[in-house]
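Participant: Modelling step: build the complete structure from the supplied sequences, incorporating the hints.
Residue numbers (the working numbering), protein chains in the order written: chain E, 1 to 96; chain Y, 1 to 107; chain A, 1 to 123.
Hints should not be assumed to be uniformly reliable.
As the list claims (entries may be wrong) - With a cut-off of at most 30 angstroms between alpha-carbon atoms, the simulated DSSO-like pairs for lysine-lysine come out as follows:
(1) Lys11/Y with Lys92/Y
(2) Lys24/A with Lys11/Y
(3) Lys102/Y with Lys92/Y
(4) Lys66/Y with Lys103/A
(5) Lys63/A with Lys47/E
(6) Lys6/A with Lys92/Y
(7) Lys23/Y with Lys63/A
(8) Lys63/A with Lys66/Y
It is worth saying that the hints were derived from the structure and are not from the lab. Please read these numbers as outputs of a predicted model, since none were measured by experiment.
Listed below, chain by chain, are the residues.
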Amino acid sequence: MVLHTLSAAPSGAAFNDCLKVLQAGDTLVLFGDGVYAALEGTAACDKLRATQAELFVLESDARLAGIAKTAANISWLDMDGLVALTERFPRQLAWY
Amino acid sequence: MSALTADAFDKEGFLRDLSQWNKQVAQQIAAAENLELTPAHWEILELLRAYYQEYDSSPAMRPLVKYCAIHLGADKGKSIYLMSLFPGSPAKIGSKIAGLPKPDNCL
Amino acid sequence: MPGAEKRSVLVVMRHSPYGSSLAKAAVDVALAAGAFDQPVDLLFTGDGVLQLFPDQDSHSLGKKNMGRQLASLPMYDIDRVYVDAEAASRYNLDTATSPVEAKLLDPREMRQLMVGYDHLLGL
Numbered sequence: 001m002v003l004h005t006l007s008a009a010p011s012g013a014a015f016n017d018c019l020k021v022l023q024a025g026d027t028l029v030l031f032g033d034g035v036y037a038a039l040e041g042t043a044a045c046d047k048l049r050a051t052q053a054e055l056f057v058l059e060s061d062a063r064l065a066g067i068a069k070t071a072a073n074i075s076w077l078d079m080d081g082l083v084a085l086t087e088r089f090p091r092q093l094a095w096y
Numbered sequence: 001m002s003a004l005t006a007d008a009f010d011k012e013g014f015l016r017d018l019s020q021w022n023k024q025v026a027q028q029i030a031a032a033e034n035l036e037l038t039p040a041h042w043e044i045l046e047l048l049r050a051y052y053q054e055y056d057s058s059p060a061m062r063p064l065v066k067y068c069a070i071h072l073g074a075d076k077g078k079s080i081y082l083m084s085l086f087p088g089s090p091a092k093i094g095s096k097i098a099g100l101p102k103p104d105n106c107l
Numbered sequence: 001m002p003g004a005e006k007r008s009v010l011v012v013m014r015h016s017p018y019g020s021s022l023a024k025a026a027v028d029v030a031l032a033a034g035a036f037d038q039p040v041d042l043l044f045t046g047d048g049v050l051q052l053f054p055d056q057d058s059h060s061l062g063k064k065n066m067g068r069q070l071a072s073l074p075m076y077d078i079d080r081v082y083v084d085a086e087a088a089s090r091y092n093l094d095t096a097t098s099p100v101e102a103k104l105l106d107p108r109e110m111r112q113l114m115v116g117y118d119h120l121l122g123l
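Facilitator: Dropping the structure here:
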């Protein structure tokens with residue numbers, strides 16, 4: 001099981017490279033420009049959900065971007081939550 | 001040909017401009033390291049230069065040992081053999097005398 | 001460090017060889033791990049497969065040749081190198097011509113590969 005973090009916008013190579021290896025049992029945290037993949041009704045969001053990975057978006061970054069509400073099946077995450085996740089996963093991979 | 005002046009070398013004694021290297025320069029660097037070059041030394045120095053040509057980098061100890069084993073045989077592909085020729089840090093001192101940059105991953 | 005526990009690392013190479021310093025950093029990390037006898041394998045994915053093109057010539061620009069540095073991986077006993085087959089195909093890269101021998105993986109095999117390591121490092 002891998003904790004992935006994505007900080008690049010869904011139009012870029014990092015998003016596609018991440019999507020390719022994301023799988024059920026993994027967790028993905030969207031932050032920075034990665035939060036735009038949490039927009040409901042976008043192809044990026046649909047593709048992430050199809051992987052059946054557990055999906056989070058960093059609340060402060062999403063709010064900064066003007067995303068007031070996450071798409072279905074994507075949960076808010078605060079800093080404490082992020083720290084807790086990093087403690088839970090020995091394997092982590094940053095996509096940027 | 002006269003010896004190179006001090007400013008041809010960096011603080012650790014590595015040649016700044018690799019194209020200035022020749023056998024006389026090698027002997028000059030070796031003398032600064034208190035080493036007298038024998039045919040056994042030259043064999044390793046030539047191998048180091050071949051490694052640099054092939055891989056565009058100076059080897060750390062581990063790859064140098066392996067490269068020697070492949071090209072000179074198992075007897076010479078041993079760290080103890082290289083240590084006897086270039087005491088201390090064979091990859092680093094050998095690279096220096098061979099006119100190569102300092103290896104990246106060297107103690 | 002004699003007796004130190006060895007942890008396996010997969011370095012995930014995702015960037016083109018000369019567009020940034022990330023590819024060079026990734027190769028440096030891999031070679032350093034190899035030099036100190038730490039188990040390290042490599043996966044080239046996405047634009048990272050561009051590092052595997054043959055005949056890279058950096059001489060006229062005075063840069064380090066990434067292709068030739070990758071060719072030295074076996075000298076560091078780094079013998080397990082994997083390539084994202086989709087990405088290789090996208091760039092029409094024939095891995096048989098690559099500077100280092102590499103095994104093609106489909107996305108499912110890439111996912112299986114990743115869970116077999118203690119640590120992952122993406123660069």
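Participant: Hints first: check each against the structure and report whether it holds.
Facilitator: Hints, one by one, checked against the model:
{"no.": "1", "hint": "Lys11/Y with Lys92/Y", "result": "14 angstroms, holds"}
{"no.": "2", "hint": "Lys24/A with Lys11/Y", "result": "25 angstroms, holds"}
{"no.": "3", "hint": "Lys102/Y with Lys92/Y", "result": "6 angstroms, holds"}
{"no.": "4", "hint": "Lys66/Y with Lys103/A", "result": "23 angstroms, holds"}
{"no.": "5", "hint": "Lys63/A with Lys47/E", "result": "39 angstroms, violated"}
{"no.": "6", "hint": "Lys6/A with Lys92/Y", "result": "26 angstroms, holds"}
{"no.": "7", "hint": "Lys23/Y with Lys63/A", "result": "26 angstroms, holds"}
{"no.": "8", "hint": "Lys63/A with Lys66/Y", "result": "26 angstroms, holds"}
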